[in-house]
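Listed below are the residues making up each chain.
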Amino acid sequence: DTAVSQTPKYLVTQMGNDKSIKCEQNLGHDTMYWYKQDSKKFLKIMFSYNNKELIINETVPNRFSPKSPDKAHLNLHINSLELGDSAVYFCASSGSLAGFGEQYFGPGTRLTVT
Amino acid sequence: DAKTTQPPSMDCAEGRAANLPCNHSTISGNEYVYWYRQIHSQGPQYIIHGLKNNETNEMASLIITEDRKSSTLILPHATLRDTAVYYCIVRVNFGNEKLTFGTGTRLTIIP
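First to last, the protein sequences are chains A and B.
Residue numbers are given in my numbering: position 81 of the first sequence equals residue 1315, and the series is strictly consecutive.
Residue numbers are given in my numbering: position 80 of the second sequence equals residue 221, and the series is strictly consecutive.
Think of the hints as simulated: they come from the structure by calculation, not from any bench.
One or more hints might be untrue.
To be verified - If you anchor each label on the Cβ, the simulated ranges turn out as follows:
id: 1; chain 1: B; residue 1: 234; chain 2: A; residue 2: 1304; range: 23 to 29 angstroms
id: 2; chain 1: B; residue 1: 244; chain 2: A; residue 2: 1237; range: 38 to 44 angstroms
id: 3; chain 1: B; residue 1: 222; chain 2: A; residue 2: 1273; range: 21 to 27 angstroms
id: 4; chain 1: A; residue 1: 1247; chain 2: B; residue 2: 234; range: 21 to 27 angstroms
id: 5; chain 1: A; residue 1: 1274; chain 2: B; residue 2: 251; range: 23 to 29 angstroms
id: 6; chain 1: B; residue 1: 208; chain 2: A; residue 2: 1262; range: 36 to 42 angstroms
id: 7; chain 1: A; residue 1: 1295; chain 2: B; residue 2: 241; range: 18 to 24 angstroms
id: 8; chain 1: B; residue 1: 215; chain 2: A; residue 2: 1251; range: 24 to 30 angstroms
From a predicted model like this one, the values you see are computed outputs, not experimental measurements.
Glycine included, C-beta positions come from ideal geometry on N, C-alpha and C.
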């Protein structure tokens, strides 16, 4: 059983399009995150949700809109895609029992904008 | 979150212990030391964390100096599958705080 899953694994699209990435965790965690890893391999937090409420928003352009329908899912919708959005996007989750520093990451979604 | 300093790269022979150092001289009293690794193209993987005592789990050992200004992650018997980028992160262990990843140490296990 995959603990944190993301779909799709690869996403190739053109500038200006709108796309979504889905994330699901079956760990019973109440906090979920989105991270972005750019071409230089820097890994940076974008958003964090706790029990469906936004906790962290790291000055991400408002073209990026996370949506959490329930605490097991955190989807990322991106409007008007730009070349600079090309990156690998990782979803993660954590729970209060293990401590919030112990985060479990998904396999990543490689987004390529042409 | 306190800043950490790690060597950019290290090599280790297969079967030997890999010792990865991390400096965190500005760590606060309530901040823990966390270690993650990222194997090529995969999501980061939690390894271990500690506050001030040495910690050991099935993956690694964490040695934190008495003044807590530095630590060492030890992989006791490195295998080729341990080749990865290793990140040392300090942060509090409560609340929904982010993980701030630095540049890490690229560990290469040599056959």
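Status of each hint after checking the structure:
1. B:234 <-> A:1304: 23 to 29 angstroms: About 26 angstroms separates the Cβ atoms of residue 234 of chain B and residue 1304 of chain A, which means 23 to 29 angstroms holds.
2. B:244 <-> A:1237: 38 to 44 angstroms: Violated: the Cβ-Cβ distance is about 27 angstroms, outside 38 to 44 angstroms.
3. B:222 <-> A:1273: 21 to 27 angstroms: Holds, since residue 222 of chain B and residue 1273 of chain A (Cβ atoms, about 25 angstroms apart) stay within the stated range.
4. A:1247 <-> B:234: 21 to 27 angstroms: Roughly 39 angstroms apart at Cβ, these two residues miss the hinted range, so it is violated.
5. A:1274 <-> B:251: 23 to 29 angstroms: Taking Cβ atoms as reference, residue 1274 of chain A and residue 251 of chain B lie about 25 angstroms apart, which means the hint holds.
6. B:208 <-> A:1262: 36 to 42 angstroms: holds (38 angstroms)
7. A:1295 <-> B:241: 18 to 24 angstroms: holds (20 angstroms)
8. B:215 <-> A:1251: 24 to 30 angstroms: violated (47 angstroms)
Hint violations for this structure: numbers 2, 4, 8, all remaining hints satisfied.
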